[in-house]
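S.K.: Below, each chain spelled out in residue letters.
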Amino acid sequence: MALQSLDIKRRSATTTPPPGVRKTVELAKLIDISKCIGCKACQAACMEWNDLRDDVGTTTGVYDNPRDLTENTWTVMRYAEVEPEKGKLEWLIRKDGCMHCADPGCLTACPAPGAVIQYHNGIVDFHEESCIGCGYCVTGCPFNIPRLSREDSKVYKCTLCSDRVAAGLEPACVKTCPTGAILFGTKEDMLHHAAGRITDLKNRGFAKAGIYDPQGVGGTHVLYVLQHADKPELYCGLPNDPAIGPMVGLWKGVVKPLASLAFGMIAAGAFFHYVTKGPNRVSEEIEKEFEP
Amino acid sequence: MKNDSLKISRFTAAERAIHWLVAISFILLALSGLVFFHPAFYPLNQLFGGGVWTRILHPFLGLVLTGSFGLMFFRFRELNRITPTDKEWLRHAHEMMGGDDRNMPEADKFNAGQKVLFWLLVACMVLLLLSGIVIWRVYFSFLFPLAVIRLAAVLHAAAGAGMIALIMGHTYMAIWTSESMAAMLYGQVRRAWARQHHPAWFRQITGGGK
Numbered sequence: 001m002a003l004q005s006l007d008i009k010r011r012s013a014t015t016t017p018p019p020g021v022r023k024t025v026e027l028a029k030l031i032d033i034s035k036c037i038g039c040k041a042c043q044a045a046c047m048e049w050n051d052l053r054d055d056v057g058t059t060t061g062v063y064d065n066p067r068d069l070t071e072n073t074w075t076v077m078r079y080a081e082v083e084p085e086k087g088k089l090e091w092l093i094r095k096d097g098c099m100h101c102a103d104p105g106c107l108t109a110c111p112a113p114g115a116v117i118q119y120h121n122g123i124v125d126f127h128e129e130s131c132i133g134c135g136y137c138v139t140g141c142p143f144n145i146p147r148l149s150r151e152d153s154k155v156y157k158c159t160l161c162s163d164r165v166a167a168g169l170e171p172a173c174v175k176t177c178p179t180g181a182i183l184f185g186t187k188e189d190m191l192h193h194a195a196g197r198i199t200d201l202k203n204r205g206f207a208k209a210g211i212y213d214p215q216g217v218g219g220t221h222v223l224y225v226l227q228h229a230d231k232p233e234l235y236c237g238l239p240n241d242p243a244i245g246p247m248v249g250l251w252k253g254v255v256k257p258l259a260s261l262a263f264g265m266i267a268a269g270a271f272f273h274y275v276t277k278g279p280n281r282v283s284e285e286i287e288k289e290f291e292p
Numbered sequence: 001m002k003n004d005s006l007k008i009s010r011f012t013a014a015e016r017a018i019h020w021l022v023a024i025s026f027i028l029l030a031l032s033g034l035v036f037f038h039p040a041f042y043p044l045n046q047l048f049g050g051g052v053w054t055r056i057l058h059p060f061l062g063l064v065l066t067g068s069f070g071l072m073f074f075r076f077r078e079l080n081r082i083t084p085t086d087k088e089w090l091r092h093a094h095e096m097m098g099g100d101d102r103n104m105p106e107a108d109k110f111n112a113g114q115k116v117l118f119w120l121l122v123a124c125m126v127l128l129l130l131s132g133i134v135i136w137r138v139y140f141s142f143l144f145p146l147a148v149i150r151l152a153a154v155l156h157a158a159a160g161a162g163m164i165a166l167i168m169g170h171t172y173m174a175i176w177t178s179e180s181m182a183a184m185l186y187g188q189v190r191r192a193w194a195r196q197h198h199p200a201w202f203r204q205i206t207g208g209g210k
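Here the protein sequences come in this chain order: A and B. My numbering puts the first sequence at residues 1 to 292. My numbering puts the second sequence at residues 1 to 210.
Rather than coming from a laboratory, the hints here were simulated on the basis of the structure. Don't be surprised by glycine CBs; every beta carbon is placed ideally from N, CA and C. A few of these clues could be false.
Cross-link-like lysine-lysine pairs, in silico, DSBU-like; alpha carbons within 35 Å at most [to be verified]:
| hint | chain 1 | residue 1 | chain 2 | residue 2 |
| --- | --- | --- | --- | --- |
| 1 | A | K35 | A | K86 |
| 2 | A | K231 | A | K175 |
| 3 | A | K277 | B | K7 |
| 4 | A | K277 | B | K109 |
| 5 | A | K208 | A | K231 |
| 6 | B | K7 | B | K109 |
| 7 | A | K88 | A | K202 |
| 8 | B | K7 | A | K88 |
| 9 | A | K277 | B | K87 |
| 10 | A | K9 | A | K40 |
| 11 | A | K202 | A | K175 |
| 12 | B | K109 | A | K288 |
| 13 | A | K231 | A | K202 |
| 14 | B | K7 | A | K288 |
| 15 | A | K40 | A | K86 |
| 16 | B | K87 | B | K7 |
| 17 | A | K88 | A | K208 |
| 18 | A | K202 | A | K40 |
Over 12 Å on every C-beta distance to chain A, these chain B residues come out as not near it, computed from the model [to be verified]:
| hint | residue |
| --- | --- |
| 19 | S9 |
| 20 | F11 |
| 21 | F110 |
Model the full assembly from the supplied sequences, consistent with the hints where possible.
M.R.: Here is the structure:
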């Protein structure tokens with residue numbers, strides 16, 4: 001879905017700078033969980049705008065429907081019934097989807113040039129035409145978001161409506177949210193707004209209310225206001241301190257380039273060994289011994 | 001072939017065929033695998049019909065290598081048993097690389113370097129096969145949890161890179177040791193060559209004569 005092209009910050013499997021002359025402001029979507037009523041209008045709007053229809057599933061006795069993200073479902077509401085304190089039941093509803101990390105694990109892991117792109121505005125987008133279907137982005141993502149289609153072997157996820165945003169519109173989920181739980185704007189504005197909400201929540205007894213903008217991935221461009229920011233895992237397993245694992249970061253960033261260099265060194269070493277030491281021939285004495 | 005009496009058989013036709021099947025499938029695997037390894041190698045995907053085709057073909061080539069390497073494993077397993085003499089040989093290997101082979105203990109049909117290479121390749125193959133199944137998205141990955149797939153992706157790349165390095169070494173040794181390529185291409189070596197490079201094997205074949 002690459003409609004923009006001059007404001008690319010990073011491009012997968014590319015070692016030279018991408019076209020990035022146009023520096024746009026950083027945008028973010030703020031999801032205020034304390035305002036969410038779990039109506040799933042955002043899910044419906046996402047399907048509608050992106051023109052996707054998932055298979056009709058089966059009910060499993062919980063509100064979550066579909067049960068998980070798929071290539072056709074880029075956002076799902078996840079419902080958690082928890083007791084942060086004994087006897088105080090809370091229903092925490094989290095809209096799950098791509099977090100649009102500043103340091104995206106999917107982009108780092110991707111071996112196909114240009115299949116994952118990050119815009120200066122912070123949106124991390126998949127360019128499915130360049131996707132080769134290896135699934136490395138799935139292993140790279142600390143939030144378990146990308147889904148590989150078993151039909152076309154391409155990965156899909158939330159685009160943060162990059163097409164709408166490019167035209168100056170807010171994402172479909174933001175537009176439709178009836179309670180104003182989802183907001184969209186510059187990241188600075190969103191953080192400012194969130195700070196006000198957090199003060200409000202603290203006054204209402206949620207002492208640990210806070211913003212979820214995990215620094216392990218350089219911050220995200222989807223932010224949550226959490227009533228219990230000290231325990232993000234209460235929200236259907238939102239990771240406490242997500243980061244690109246060493247198996248992706250260190251590996252792709254350091255070991256693989258060094259290994260590539262090592263291949264070259266082996267080849268050069270072999271060549272120079274040959275020209276300095278000469279070939280390993282049968283010795284003169286043995287040749288004489290075997291002369292007819 | 002005028003000096004036939006001076007030659008002895010080193011590899012049978014079946015052994016040569018299986019070796020080259022292993023070699024060809026390995027080269028194709030290395031070229032296609034490098035596509036996913038680092039962007040510098042991504043253009044190699046053109047040899048296989050593009051990135052998607054490379055992703056589709058690579059695991060099937062892996063099955064060809066697994067099968068052919070498996071046959072070679074059972075064929076050569078006994079000959080690659082490491083003996084105390086081999087350990088001594090390895091201690092002097094750097095002298096031979098420097099051009100001085102006076103202190104080399106007598107090598108078998110395979111010298112200690114070849115034997116170590118054999119077992120390292122076996123280890124790489126086992127790792128590559130197991131991790132390769134886990135990261136084969138179309139057929140198997142959905143059977144494994146994400147943490148296992150992550151680990152397998154790293155192990156696969158590490159074992160693949162290790163194997164490429166080993167085979168580069170193996171190829172150079174074949175070039176460096178004059179006439180050894182002929183053994184794998186035509187099956188025969190000169191008696192003098194066998195006496196020079198694999199004296200213990202030469203003695204065993206000829207009973208100590210010429």
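S.K.: Compare the structure with each hint and give your call.
M.R.: Here is how each hint holds up against the structure:
About 23 Å separates the Cα atoms of K35/A and K86/A, which keeps this hinted pair within 35 Å; it holds. For the suggested pair K231/A and K175/A, the alpha carbons sit about 29 Å apart, so the restraint of at most 35 Å is met. About 27 Å separates the Cα atoms of K277/A and K7/B, which keeps this hinted pair within 35 Å; it holds. Restraint check for K277/A and K109/B: the C-alpha separation of about 24 Å stays at or below 35 Å, so the hint holds.
As the CA atoms of K208/A and K231/A are separated by approximately 9 Å, the hinted pair is consistent with the 35 Å bound. At most 35 Å may separate the alpha-carbon atoms for a hinted pair to count; K7/B and K109/B meet this at roughly 15 Å. Simply put, K88/A and K202/A have alpha-carbon atoms about 17 Å apart, close enough for the 35 Å limit, and the pair holds. In summary, the hint linking K7/B to K88/A is not supported, as the alpha carbons are separated by about 89 Å, beyond the 35 Å threshold.
Simply put, K277/A and K87/B have alpha-carbon atoms about 24 Å apart, close enough for the 35 Å limit, and the pair holds. Using a Cα cut-off of 35 Å, the hinted pair K9/A and K40/A holds, with the two alpha carbons roughly 32 Å apart. Using a Cα cut-off of 35 Å, the hinted pair K202/A and K175/A holds, with the two alpha carbons roughly 28 Å apart. Under the criterion of a C-alpha separation no larger than 35 Å, the hint pairing K109/B with K288/A is consistent with the structure, at around 23 Å.
Our distance criterion of 35 Å between C-alpha atoms is met by K231/A and K202/A, whose separation comes to about 15 Å. Restraint check for K7/B and K288/A: satisfied, since their Cα atoms lie roughly 15 Å apart, inside the 35 Å limit. Proximity of K40/A to K86/A is assessed by CA-CA distance (about 29 Å); at most 35 Å being required, the pair is judged to hold. The straight-line distance between the Cα atoms of K87/B and K7/B is roughly 29 Å, inside the 35 Å bound, and the hint therefore holds.
Note on K88/A and K208/A: the hinted pairing holds, with a Cα-Cα distance of about 15 Å set against a maximum of 35 Å. Our distance criterion of 35 Å between C-alpha atoms is met by K202/A and K40/A, whose separation comes to about 27 Å. A cut-off of 12 Å between C-beta atoms confirms that S9/B is not in contact with chain A; the least separation is 17 Å. No Cβ of chain A approaches the Cβ of F11/B within 12 Å, the least distance being about 19 Å, so the stated non-interface status holds.
Remark: the non-interface label on F110/B is consistent with the geometry, its nearest Cβ contact in chain A lying 16 Å away (cut-off 12 Å).
Taken one by one, the earlier hints fail for this structure only at number 8.
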